[in-house]
Amino acid sequence: MMKQEKLTPQKAYKNRPKKWIYNLLLFVLFVGIVIYSIVSSGLGASRAINWERLQNLGKGFINPNVEFLLGIGEYSGEKFVHSVPYLTLQTIAIAFVGTLIAAILAIPFGFITARNVVGNKVSKIGEVLLIIIRTFPEILLALILIRVSGIGALTGTIVIGIHSVGMIGKLYAEAIENMESGPLEALDAVGANTAVKIRHGIFPQVMPDFLSTVLYRFDINVRTASVLGIVSAGGIGAPLIFASTNYHWSDLASIMYAIIIMVTTVDLISSYLRKKLI
Amino acid sequence: MIKFINVDKVYPNGFQALKNVNLEIYDGEFVAIIGLSGAGKSTLLRTINKMHPITRGELYVNDVDISKVKGKELRLLRRNIGMIFQSFNLVKRSSVINNVLAGRVAYHSTITSLLGTFPVEDKMIALEALDKVGILEKAFVRADQLSGGQQQRVALARALSQKPHIILADEPVASLDPITTISVMNDFKRINKEMGITIVANMHHVDLALKYATRIIGIREGKIVFDGAADTVTEEVLISIYGRSIKESEKLGHVDFDEEELEGKGSGK
Amino acid sequence: MNATNKSTLLDKIYPQKIYNVNGKIIKKPRNKTIFIAILVLIIFIGLLFFIPTRNITIKFEQFPVIVKKMFSPTTGKTKSWAGWFLYIKETVWPLMLETINMCFLGTLFGATMAIPFSILASRNISKKGIIYQPVRLFMNFIRTIPTYVLAVIAMICFGIGLLTGVVAMTIFTFGLLTKMLYEIIETVDMGPFESLESAGATKIEAFRYAVIPQILPIFIGYFIYAFEINVRGSVILGYVGAGGIGLELDTAISEGSHYYDRVGAIVVVIFLVVLILQGFTRYARRKLQ
Numbered sequence: 001m002m003k004q005e006k007l008t009p010q011k012a013y014k015n016r017p018k019k020w021i022y023n024l025l026l027f028v029l030f031v032g033i034v035i036y037s038i039v040s041s042g043l044g045a046s047r048a049i050n051w052e053r054l055q056n057l058g059k060g061f062i063n064p065n066v067e068f069l070l071g072i073g074e075y076s077g078e079k080f081v082h083s084v085p086y087l088t089l090q091t092i093a094i095a096f097v098g099t100l101i102a103a104i105l106a107i108p109f110g111f112i113t114a115r116n117v118v119g120n121k122v123s124k125i126g127e128v129l130l131i132i133i134r135t136f137p138e139i140l141l142a143l144i145l146i147r148v149s150g151i152g153a154l155t156g157t158i159v160i161g162i163h164s165v166g167m168i169g170k171l172y173a174e175a176i177e178n179m180e181s182g183p184l185e186a187l188d189a190v191g192a193n194t195a196v197k198i199r200h201g202i203f204p205q206v207m208p209d210f211l212s213t214v215l216y217r218f219d220i221n222v223r224t225a226s227v228l229g230i231v232s233a234g235g236i237g238a239p240l241i242f243a244s245t246n247y248h249w250s251d252l253a254s255i256m257y258a259i260i261i262m263v264t265t266v267d268l269i270s271s272y273l274r275k276k277l278i
Numbered sequence: 279m280i281k282f283i284n285v286d287k288v289y290p291n292g293f294q295a296l297k298n299v300n301l302e303i304y305d306g307e308f309v310a311i312i313g314l315s316g317a318g319k320s321t322l323l324r325t326i327n328k329m330h331p332i333t334r335g336e337l338y339v340n341d342v343d344i345s346k347v348k349g350k351e352l353r354l355l356r357r358n359i360g361m362i363f364q365s366f367n368l369v370k371r372s373s374v375i376n377n378v379l380a381g382r383v384a385y386h387s388t389i390t391s392l393l394g395t396f397p398v399e400d401k402m403i404a405l406e407a408l409d410k411v412g413i414l415e416k417a418f419v420r421a422d423q424l425s426g427g428q429q430q431r432v433a434l435a436r437a438l439s440q441k442p443h444i445i446l447a448d449e450p451v452a453s454l455d456p457i458t459t460i461s462v463m464n465d466f467k468r469i470n471k472e473m474g475i476t477i478v479a480n481m482h483h484v485d486l487a488l489k490y491a492t493r494i495i496g497i498r499e500g501k502i503v504f505d506g507a508a509d510t511v512t513e514e515v516l517i518s519i520y521g522r523s524i525k526e527s528e529k530l531g532h533v534d535f536d537e538e539e540l541e542g543k544g545s546g547k
Numbered sequence: 548m549n550a551t552n553k554s555t556l557l558d559k560i561y562p563q564k565i566y567n568v569n570g571k572i573i574k575k576p577r578n579k580t581i582f583i584a585i586l587v588l589i590i591f592i593g594l595l596f597f598i599p600t601r602n603i604t605i606k607f608e609q610f611p612v613i614v615k616k617m618f619s620p621t622t623g624k625t626k627s628w629a630g631w632f633l634y635i636k637e638t639v640w641p642l643m644l645e646t647i648n649m650c651f652l653g654t655l656f657g658a659t660m661a662i663p664f665s666i667l668a669s670r671n672i673s674k675k676g677i678i679y680q681p682v683r684l685f686m687n688f689i690r691t692i693p694t695y696v697l698a699v700i701a702m703i704c705f706g707i708g709l710l711t712g713v714v715a716m717t718i719f720t721f722g723l724l725t726k727m728l729y730e731i732i733e734t735v736d737m738g739p740f741e742s743l744e745s746a747g748a749t750k751i752e753a754f755r756y757a758v759i760p761q762i763l764p765i766f767i768g769y770f771i772y773a774f775e776i777n778v779r780g781s782v783i784l785g786y787v788g789a790g791g792i793g794l795e796l797d798t799a800i801s802e803g804s805h806y807y808d809r810v811g812a813i814v815v816v817i818f819l820v821v822l823i824l825q826g827f828t829r830y831a832r833r834k835l836q
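Residue numbers (this note's numbering), protein chains in the order written: chain Z, 1 to 278; chain U, 279 to 547; chain S, 548 to 836.
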């Protein structure tokens, strides 16, 4: 007969799992990493803020280059293609066209990645493909493609088109996996063949999600498109860098105004439309 | 007419859902199938339109052995058989009329269905079907904006738009509240009487089955243990089907409803 | 029946279809999708004009040439595979670590700053509108400025170097996380918070014991998410002047095709790092659920 010790509250407290040691170690480790990063990055030896330049920038904001900003005067006629309105619209164009192309190309990718369409094994292939496309940084793609299709907006569009397929394809696949199979069963019972089942069963269910994805992606791609300009793939990124490296404060301010307006507007439109889709 | 001859259904995992079923269902009957869950009700129903193929025997639907039919011929047969599901199986984000029009796809070429260019006659058929179940005014509303009872009516309209000889219903009212249940069952009754469509329905609620159907089929463990008129069903019969007496959850019970609404108007609730 | 028959212009161009079913009239709503599709098409064609294609010849052949050059060190600057790997080990990898470092610090500082602001911005903690509304406005404003613009401004202040990158990422992360955080805080179950307050704890104590445990895993998840975004964006920040691997990439590319093998090395390293980071992020976020 074993003598069993009674489990008292005191005993339970004594034997409680010593989680705090684990947490403390984690915390110390974390602090260690932080200290190491700060030290090794050489941030300690940082310079003071260059106030003079900042002030000049501020002056530029108060006094932007209006001709540049509105595409008039010196910037009308031949030079219009270098003016802010043209470049802003070009940025939007790159994003729009690129996203649209990707939206269509991604459809087959979405279907071969959806587990309820092709089964678990085949969908893995699709997943891997999409991951590779998605993870390859757009900048690198742009830099490489510039050698192929030249500098300018066309390259930017192609880059966005390719890169977005990865992002959009993944979201398409998720939308397809969230689909209900009930309506498809009903279509079977009605006597529909496979094509009709897709058109009347799958299509109406996933369309709103597809559109929402494309709108969301367009929003992000507008920002990306402007970034691509920095590496000369068209859009407003190029004059941005040019103005900043040459300290053209008024120009720089004009560009920043335009960028902020553009991004905000696209944001608002995109969210508004997406809300209406649900 | 539906005729089962020595029908067996064995699933790939070895489970035998139907054992030696012999059955004849005549045109215009209102048949209710009752039994425990898993007894084979769903399987029996789905063999009729070959959603589940049988593994032995012959199954004649309007003089064609449906177990031997495939492809286009099968689809043509299916378009004559409407099916109603417990979970409605509507495309939630589509409009009501688009859901109903889906019932017409087997009457047209694939191209027409793909483009969605249904002729005006079809749209009228769909609208009349909606009127028949009393929800015409909802025709262009999104399906998920409707209540459960209304959605089932849309499903019913979809089946009606097929101009079917037979309607199969798999626990059609199990998801509905008691008052809506009565309305929808009244619709079924009306369709059966006025249009002469054969109705074969799985019913979860025994009292409902007894009240609406003319003929009761009891299934137990894949075998038909009762087949007769509704008014010949006694407590002993029920025990032989269920292996026990009926639980409260298997009865709809008393419902306070307006007698007038019952008079076959299909209230569109 | 009370039908005021105002025949509008729209009715004349696009009349609504009317169906008569057994004596009942039902009108079919106008098909908006067609309008939208046409609109999109018009916008599309209009925007196409902004993408010049006239003087551009697509040199498809260049593509394999470039890829080959990127991966044949013998013809490039590094002169051999050994040299290639050496380049990676001595130049690329340390820069990559520096870049990751920069991203980590940027995310860290941004996240730290985001905490107090997001608390202030959440309706259930700071109950007075006069507190949370201006905070939200401020945050929204910060969020509209894209990262690279922030980087440009930072570069003007601080010159080229890692500090610029850290500052830019800090501000960006701040904007990103405050919104995500206050949305989470607002969905938190306030029951424990209120019961602690009524038991006598101060707002801060109640917050720490009632709210933080609910939020912590999610917060860590967001931190990792922001970190990942920052690493992806760090390449371009390097281009703008924030240093790190982006700068090296810029240098290598502008030197010309002779340096493509270096470019190849950088591309490989960046891609692998991003890939591994992606995998790590997914793993970590799954464990946090």
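Source of the hints: derived by calculation from the structure; they are not laboratory data. Don't take each hint at face value.
[What the hints assert, rightly or not] The calculated lysine to aspartate or glutamate pairs, modelled on EDC-like cross-linking and capped at a C-alpha distance of 20 Å, are:
{"hint": "1", "chain 1": "U", "residue 1": "K350", "chain 2": "Z", "residue 2": "E185"}
{"hint": "2", "chain 1": "S", "residue 1": "K574", "chain 2": "U", "residue 2": "E514"}
{"hint": "3", "chain 1": "U", "residue 1": "K346", "chain 2": "Z", "residue 2": "D188"}
{"hint": "4", "chain 1": "U", "residue 1": "K441", "chain 2": "Z", "residue 2": "D188"}
{"hint": "5", "chain 1": "Z", "residue 1": "K275", "chain 2": "S", "residue 2": "E730"}
{"hint": "6", "chain 1": "S", "residue 1": "K575", "chain 2": "U", "residue 2": "D409"}
{"hint": "7", "chain 1": "S", "residue 1": "K726", "chain 2": "Z", "residue 2": "D188"}
{"hint": "8", "chain 1": "U", "residue 1": "K441", "chain 2": "Z", "residue 2": "E177"}
{"hint": "9", "chain 1": "S", "residue 1": "K574", "chain 2": "U", "residue 2": "E415"}
{"hint": "10", "chain 1": "S", "residue 1": "K564", "chain 2": "U", "residue 2": "E399"}
{"hint": "11", "chain 1": "S", "residue 1": "K575", "chain 2": "U", "residue 2": "D400"}
{"hint": "12", "chain 1": "S", "residue 1": "K575", "chain 2": "U", "residue 2": "E399"}
{"hint": "13", "chain 1": "U", "residue 1": "K370", "chain 2": "Z", "residue 2": "E177"}
{"hint": "14", "chain 1": "S", "residue 1": "K564", "chain 2": "U", "residue 2": "D409"}
{"hint": "15", "chain 1": "U", "residue 1": "K370", "chain 2": "Z", "residue 2": "E180"}
{"hint": "16", "chain 1": "S", "residue 1": "K574", "chain 2": "U", "residue 2": "D409"}
{"hint": "17", "chain 1": "U", "residue 1": "K350", "chain 2": "Z", "residue 2": "D219"}
{"hint": "18", "chain 1": "U", "residue 1": "K441", "chain 2": "U", "residue 2": "D509"}
{"hint": "19", "chain 1": "S", "residue 1": "K571", "chain 2": "U", "residue 2": "E526"}
[What the hints assert, rightly or not] Coverage of chain U stretches by chain Z, computed from C-beta distances (three or more under 8 Å per stretch; other residues unrestricted):
{"hint": "20", "region": "355 to 362"}
{"hint": "21", "region": "370 to 382"}
{"hint": "22", "region": "387 to 394"}
Glycine is no exception: its CB is placed at the ideal position from the N, C-alpha and C atoms.
Which numbered hints fail: 2, 7, 8, 17, 18, 19
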